[in-house]
Structure formats: structure tokens, C-alpha cells
Amino acid sequence: MGEKEFLISNRIILTSLTKITNWARRSSIWPMTFGLACCAIEMMATSASHHDIARFGSEVFRGSPRQSDLMIVAGRVSRKMAPVLRQLYDQMAEPKWVIAMGACASCGGVFKNYAVVQGVDEIVPVDVYVPGCPPRPELLLQGVMKLQQKIDREKLRI
Amino acid sequence: MVNTETERDTMILNVGPQHPSTHGVLRVVLELDGEIVVNSNTVIGYLHTGMEKTIESERYVQAITIVDRMDYLSCFFNEIGYILAVEKLLGIEVPERVKFMRIILCELQRIASHLVWLGTHALELGAMSVMLYTFRERELILELFEMCSGYRMNSGYMRVGGFYLDFPDGFIDRLKNFINVFPSKINEYETLLTKNIIWKERTVGLGVLSAEDAINFGVSGPLLRASGVKWDIRTAHPYSGYELFEFDVPVGTHGDVYDRYLVRMEEMRQSLRIISQAVKNLPSGPVNVVDRPDIILPPKRNAELGMEEMIHHFKIVSAGFPVPEGETYVAVESARGELGFYLVSDGGNKPYRLKVRTPSFANLQALPLMLKGIMISDVIAVIASIDIVLGDVDR
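Chains A and B supply the protein sequences, listed in that same order. By numbering that gives the first Met the number 0, the letter at position 47 of the first sequence is numbered 46, and the numbering carries on one by one without gaps. By numbering that gives the first Met the number 0, the letter at position 139 of the second sequence is numbered 138, and the numbering carries on one by one without gaps.
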């Protein structure tokens, strides 16, 4: 970082392109509606009235991977689902981020067996891991905030 | 492609497994003639977790954690079904208080599960605000669960032989508060939907399932009752003391999507009725079978201070307890229908085999029948009305 903003008048500020781009990106991360299991219900609770993810600019859940910036892998990923998940990730447009929500998506959770992928990072790169089984909505919100901090530190990708 | 029966040009359309309205990872392959569904085929297994196999290598207490995550919208039904099966093999009769506590938790869970169903069902038909209302009340229930078990979902609160801990202080007061508040909230949802002309246009006469077809497919729960069959395991084969309660079993007449909506709305009211009876008559006494120290953990304080209790505690936690050889089947009425646990024990400390008869799996089999001949835009409404949970289907 190191860039500073200069307030020239009440209407004009000078800043770097990196900073303004990251600010725009982090303030409206659109997640994909990609619910798999239990965590998906807590993801819905996060977006619903009580916890209200809109406070962090992420209320616009998109059904299509083409329109979304963030894939919240909410739940256990089975071996049958794994190729679908990778295809969806590939279909998302850059820049894109991934949150592994819950123990199952992070490391397989309590299911150490033949059917479950032991951590979604075997398939797609993960930016933020959110622990819990399932994580509380507050925890997912913290995950989104951690991701925002991470985006703030990114170099400009065009 | 050309349909072999009608010799008309049809198109294959794939819905899912990633689709915002398939309640998880269901995949439906539709064969369309224009906008009309000619045939459909459900593809499942995208959430197969291998739970039944995993449970064979877990001790009886550990398996509670696994069964919780099958039907993740109604964890207490999984717990009570599994625990009743183990208790039946062990030959345990739990105290009255335990039965009442279990019923309170199960009926709260039924309301919570129906609230998620109502919110998502309305959301999928375009009425977004209903979800914001239902999740508001669901938080009240989850707070109650969190109070007694420390966890919002998948709580793992029940134990074989009762509970480890009693309801905490203040739980009953909060529950009474919920009982007072909730009826007006149900009326609020009904104001939004029941006489809403758009809602009725989208649901009345849609996805009809006749009583005969429903029985032949092994359908159970609200889906079966909406078709006019009065079958509820809570009244037909009462378990855990349901025979002591007074409640009605709502039944539909047409078996369409709208009837399923009405049945579930009435079920929430009846659940509330059961809870208020249980709170009123909640007996006092122990919360587990005190005469079975081989199954029940000693109080934590004693385990910390006394050597004998410490060893006892360690023994149960590390080695579990043996269950006599035999096999049994126990069915409970979950929010979705008949949830059955077939448990086989070889006399060891782990289940030899646990087969789960899940309601969503059986109910889903009737989907192609319900989808035949309807418009493609109504497919989502029918899927939502079955109220499937893919964790329950695939396990």
C-alpha cells in the first residue's frame, strides 16, 4: 500500500487506481447461491433479516456463476459434486474469491470417509476458511470481512 | 430428440445440481414438449456423505453427531429416532420428564423446519419478503436451542438414556414468551399468502398427487396428509409419550401444492399446541435414567473430584457401552414424514449396521408423477412443495 488520498476540494480526491479499484471490489462482493448442506441454511440466515449481510455489501446472491464474485462453499463436497464445483469455479469471471464455509468444506469435518472431499482446497484455491459445524452467521460475516481486508491488500489485476 | 411415444420433437433440459431453487444439489432432467414437461428424471447422490457406513465405525454416542447432519433442518428428529432405536435394544424406559423435554424440542424443531420451508417456497415463487419474516421467528427458536445445547443447529443435545444436562434457567420463561408471540406471527404469514391471488394462481391445482398414488409411492408426512390420508406416526404409533397430548392431524383434500401449504401452516399451530401442553404439564425429576451408571456419565463435578467417578467417566467416554445383540426398527414423524432407523447390533460398542429410511428420499420418488404434464415454470413450485432436504435424500 502506502498510497495516500489527497482531498483537493469537497468533490475531488486524488488516489491510486489500485486503491479505488479494490475499494469498489470489496464493497460489493456478490456471492453465488451455492448451498450444499447444513452451512447453506446458516448462509441463508446470514442473508436474512436478523443478520443482514447487506451491511457488508454482499446481499446480492446470484444464481449464475457468470455474475458472481464470490463462491461460498457452504457444506460438504461429495466426490460426485467435485467436478461440478470446479466447473462452476471456472465459469466465474475474474476477479473471483472462494470462502470455504464450515469444517466439511475446510477439511472434510467429521466425515473422513470414501464419499467426501477432504477439504475443498483440493479442487479450488481458497481465500478464507471459516471454522464451525456449521459456523454461526456472525462467523461467516467475519469471514466476509477478512476477505475484504484481503482484497484491500491485492495488487491491481486487470 | 424425438419422443418415442408421441413422435413429437422434444427437448432435454437439465436443472441443477447447482440451481438456486432445487433446495440443495438435486438434479432434474426434464424432457420438454414446448413448455410442457413430458417426462422427468431425478438424479441424486450429489450430497452422498457415506453416513451409514461411517456410523459403523463410531461408538453409539458418537453416532449422534453424525445422524444430526442427515436432515440438517430437523436435527432433533434424527436424534430422537436414533436414540429410541438404541434405547429399545438396551431395554431402557426413560423418565417422564425426558419424554416431555424431547417432545418440546421436537415440536420446536418442526416449527423451525416449516419456517425454512415456507420462506424458501415463497422466495422461489417470487414473494421475497416472506423469507425475511420467517427467518426472524426462526432465530427465536434457534436461540432456545442454543440456550440448552450451546449450538444453533445440529445440536447433539439428546443422549441415550435421557439428557446430559437439564434445560437451563430461564429457558421455560423464554419458551413461554415464544408460545405467546408466535400465533400472531403465523397469522402474519397467512395474511401475506393464504388469500393472495398471485399465490393461489401459482399453487392451486398444481402438482396433484392422488391418495392412492401417494400410498403406492411410500410418501409420508405433510405430502401424504395433503392428499387426504390421515396418517401421522405420532397418533398411529405414538412414541415418547405423544399419546398423552391432544392435537389434531390436519388433512388436505386435493393433494395440490396449495393444500400442502395449508397443511403445514396448520401443523405449526398444532405443534405450538403440543408445546404449550408439554410446558404446562412438564414433570420434575431426573433428566436421565439414574439406575444405569453403565450408560450415563456421572455429574461433571464428581468426575473432577472423585477417583472412582473419574475412572467411570473415562470408561464411558473412551470405550462406550455395549448394546445387546439384536435388531430393531423405530420410526418417528419428522417434519418431512416417516423417519425410520433400522439398527442392528452384534453386541459390541458400535452399531453393526444402521439403515435409515428417510422421508425425503421416498417423497422425492413421486416427483416425476407430479411433474408430468405441467408447465416448466411450475416445476420449481412443485419441488419446493415436497420440502426435500438433500442431506436427507443422499445421506
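The hints are simulated quantities; they were obtained by calculation from the structure and are not laboratory data. Glycine included, each C-beta is placed from N, C-alpha and C at the ideal position. Treat the hints loosely; a few may be bogus.
To be verified - So these bits of chain B aren't anywhere near chain A, every CB distance computed over 12 Å:
# : residue
1 : S20
2 : L122
3 : N179
4 : L389
To be verified - Simulated crosslink set (BS3-like; lysine-lysine; CA at most 27 Å straight-line):
# : chain 1 : residue 1 : chain 2 : residue 2
5 : A       : K18       : A       : K111
6 : B       : K194      : A       : K111
7 : A       : K111      : B       : K199
8 : A       : K154      : A       : K18
9 : A       : K79       : B       : K354
Cross-check of the supplied hints:
1. Its closest Cβ contact with chain A, about 8 Å, brings B/S20 to no more than 12 Å, contrary to its assignment away from the interface.
2. Its beta-carbon lying about 9 Å from the closest one in chain A, B/L122 breaks the requirement of being farther than 12 Å from that chain.
3. For B/N179, the shortest C-beta to C-beta distance to chain A comes to about 20 Å, beyond the 12 Å cut-off, and the non-interface label holds.
4. Not every CB of chain A is more than 12 Å from the CB of B/L389 (nearest about 8 Å), against its label as outside the interface.
5. For the proposed pair A/K18 and A/K111, the alpha carbon gap of about 43 Å is over 27 Å, so the pair is violated.
6. Between the alpha carbons of B/K194 and A/K111 the distance comes to roughly 49 Å, so the proposed pair goes past 27 Å and is violated.
7. Among the hinted pairs, A/K111 with B/K199 is inconsistent with the structure: their alpha-carbon atoms are about 46 Å apart, more than 27 Å.
8. Proximity of A/K154 to A/K18 is assessed by CA-CA distance (about 9 Å); at most 27 Å being required, the pair is judged to hold.
9. With a C-alpha separation of about 22 Å, the suggested pair A/K79 and B/K354 falls inside the 27 Å cut-off, and the hint holds.
Consistency with the previously given hints fails for numbers 1, 2, 4, 5, 6, 7, ordered from lowest to highest.
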